Amino acid sequence: MSTITTGLNMGGPMAPPGTPEEVDYSVAPEQVSLWQDAWRRFRRNKLSMAGIVVFGLIALIAIVSIFWTPYSLFQQGLGDITDPFSRAHPFGLDASGRDELSFLMRGAQVALEVGLLTAVTTSVVGIAAGLLAGFFRGWVDTLISGITYIGYGIPNLLIAFLILFITNRPSIVNVIVALSVTSWMDMARLVRGQTLALREREFVEAARATGTKDFKIMTRHVLPNALGPIIVQATFLIPQAILFEAFLSYLGFGLPNPDPSWGAMVSSGLGDRFLAYHTIMVPALALLITLMAINFIGDGLRDALDPRQAK
Amino acid sequence: MSRGTATYAAKRLLLVLGTAFVVSSATFLLVHSLAGNPFTCERNPAGCAHEAFVHGLDDPLLVQYRTFMWNLVHGDLGTSYVNQGAQVTPLLLKEAGNSLILGLCAIIVTILVGLVVGIVAAVRQNTWVDYTLSSFVVFGYSVPSFVLATFMIILSAILLPNWANSIGWGSPEQIPIPAIALGLPYAAIVARLVRASMLDVIRQDYVRTAWAKGLTGRVVIVRHALRNALIPVVTIGGPLVTGIITGSVVIETIFGVPGLGKEFVNSILNRDYGIVVGLYTFYAILVGLANLGVDLIYPVLDPRIRYA
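Sequence order for the protein chains is A and B. Take 1 as the starting number for the first sequence in this note's numbering and just add one per residue. Take 1001 as the starting number for the second sequence in this note's numbering and just add one per residue.
No wet-lab data here; the hints were simulated from the structure. Treat the hints with caution; some may be incorrect.
As the list claims (entries may be wrong) - Looking from chain A toward chain B, a few residues come up when the C-beta cut is under 7 Å (computed):
hint : residue
1    : S145
2    : I147
3    : I150
4    : G151
5    : P155
6    : I163
7    : L164
Stated by the list, open to error - What follows is a list of derived Cβ distance ranges for each label pair:
hint : chain 1 : residue 1 : chain 2 : residue 2 : range
8    : A       : G79       : B       : F1021     : 49 to 59 Å
9    : B       : F1021     : A       : G138      : 17 to 27 Å
10   : B       : P1258     : A       : I66       : 43 to 53 Å
11   : A       : T212      : B       : G1056     : 32 to 42 Å
12   : A       : K213      : B       : L1093     : 50 to 60 Å
13   : B       : Q1087     : A       : W68       : 20 to 30 Å
14   : B       : V1022     : A       : F274      : 43 to 53 Å
15   : B       : L1093     : A       : T212      : 52 to 62 Å
Every value quoted in this text rests on a predicted model; they were computed, and no experiment measured them. Positions of the beta carbon are idealized from the N, C-alpha and C atoms, including for glycine.
Isolated chain A (complex conformation):
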C-alpha cells in the first residue's frame, strides 16, 4: 500500500470479532469446492455480513439517486442551514438552502462509482503487470519491478494533481485515471509474487508439457489459483479509492459541481461550521460508515479466502 495512499491496508489480517471455527468431526465432511468453503467461512463472520448488508443498502441508495432524489440538486433556498432536521429535510439543509439528503444520496453514487471503477481498472492493470513480470521473469520482470519501485517513490498526490491539472477538467474519468495510475503497484507486486510461486507448480509444468500457449497458461492456470488474494486486495482498493477521492475533493480537486462528493461536502461544511455542525457531520458519517462496511467485508474475505490465513 500505500499508497496514500494513502495505502491504508498494508496490514496483516486482524480477524474481526466473530465466532471461532467449530468443526464437527463426528460425520464425514461433505465435499465442498473452495468457493463454497470460503462462503461458509465468510458467513460466520457477523461483522462482515453486517458490512455486506450496509454496503447493499448504500448501493441501493446510489442506484435510486440516479433516477430520483427528494429535491433537485440545483434547487436552492428551500430553507435555512440553521433549521432543525424535519420530515421534509431529514438531514437539514446546507448553506445555500439545498436539501442535504439529496446531496448525500447522489454522493453515495459518486463514492461507489469512483471506488468500484478504480478497483476494477487498478486490478486489471496490476494483474496484467504482475502476471507478465512473474511469468516471464528476466528483463520483463526487471522493467516492471523497476517501474513499480520508482512508482512507490513518486508521491501519489503529485501524480494525481498533475493528471487533474493537465487535463484541466475535473471529471469522474480523470479522478479514476489519477487514482489508478497511483495505486496499481500494490496489486502488481502481489500478483507477481503469486505468479512466481505458481509457475513452478506441477500443473503449470503439465500445461506447458502439453503445449499450452503462454497466454493460456497465465489466464487459465496461474490466474485462477491466485484469485483469492487478488479479490481480497481488490476489495481493499475500493475504500482506498473512495478515501483518496474524498481527500482530493476535500482539497478542491475532485468532481465539478453539482456532482456532490462526500469529501467536498465535508469541506464546504467546514466553511459553515459557525452556523451548523450537521453539514460536516452528516457527510463525514456517511463516508465513515461506507468505508467501515467495506473494510469489514474485506477483513471477512481475507479470513475466508487468503490461503496463508486458512487454518
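Following the hints, put chain B in place on chain A, whose structure we already have.
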C-alpha cells in the same frame, strides 16, 4: 555493519538518487507543461512579459531544464515567484522544520498508541477488550484524516473551550491536537499489524518456555514476544512516512500549520516551479531513505536476515 550490508546500502542509495533524478525531471517537465505561469498577466501584460523575461521563462524548455538541474545539484532551487522573491531553498527548509516537528510528534502518537493497542488486543484475544480495541482499529483506518481533524476541532471546542481557542501553530500546547489527528489513522494500521504478529509469536514454543521459566508477564511479552513480533511491523515504516507526509497536507491546512503540507497544493496552483520540484524531490528522497532505513533495521532485529 557487515560488508554485504554496506554494499547493499550503497546500491540502494544510488537507486534513491536515481529516483530523485527521475522525479525532479518529470516534475520539472510536467509542471512547465501546465498552462499559465506564475504571474498575473490579465491586469499587467507588459510587466508579466518582463517578469517572465527576467526569470528566464522565455528560454527554450531544455535550456531552462539544464540551468535548473545545475542549480538543483548545488542545492539552489531559485527564487519563489510568489513569496516576494524569497529564495526557495531556505523557505522550504524553514517550512520543513515545522512539518518535521508535527510529523515526529504524529509518529510518536502512532507508535505508542499502535503498540499498546496491538499488544493489549493480542494478549486479551477474544475477550471484550480485544473486540472493543479491534472495532476501534477498523474505525481508525476507515476514518479520513480530514474527518478526524474536523471532529477533533469540534470536540475540543466543546470540551476544552480554552484550548480550542489556541488552535494554530507556535506554542507547544498547540501541537498535540494536530499530531493526534495526523497520527491516529496510522496508529490503527500499526495496531492491526502488531496484534496479528503478536498472535503468531505468543503461540511459539520459546514463548511457552519463557512462561515456564517463571518469568513475569511483562518480561515475556516485552522482551521475548514483542521483539520478534516487531519484525513484520517494521515493514510499514516506509508507507508510514509517506502517509504522514500526505496526511499533513490536510492537517496543516486545517490547523494552520506553516509547514510543507500546504505547498503541495499551493505551489502547483501558483506555478511556483522551484517549490514544486524541490518539494516533490525532497519527498521522493525522504520516502526512499525511509524504505532503506527499514531494510537496514531488519538484520538488527532478526539476525537470520543478511544481505549478501
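Status of the hints after comparison with the structure:
no.	hint	verdict
1	S145	12 Å, violated
2	I147	10 Å, violated
3	I150	5 Å, holds
4	G151	10 Å, violated
5	P155	5 Å, holds
6	I163	9 Å, violated
7	L164	10 Å, violated
8	A:G79 <-> B:F1021: 49 to 59 Å	57 Å, holds
9	B:F1021 <-> A:G138: 17 to 27 Å	25 Å, holds
10	B:P1258 <-> A:I66: 43 to 53 Å	44 Å, holds
11	A:T212 <-> B:G1056: 32 to 42 Å	60 Å, violated
12	A:K213 <-> B:L1093: 50 to 60 Å	57 Å, holds
13	B:Q1087 <-> A:W68: 20 to 30 Å	57 Å, violated
14	B:V1022 <-> A:F274: 43 to 53 Å	46 Å, holds
15	B:L1093 <-> A:T212: 52 to 62 Å	59 Å, holds
In summary, the structure is inconsistent with hints 1, 2, 4, 6, 7, 11 and 13 from the numbered list given earlier, while agreeing with the others.
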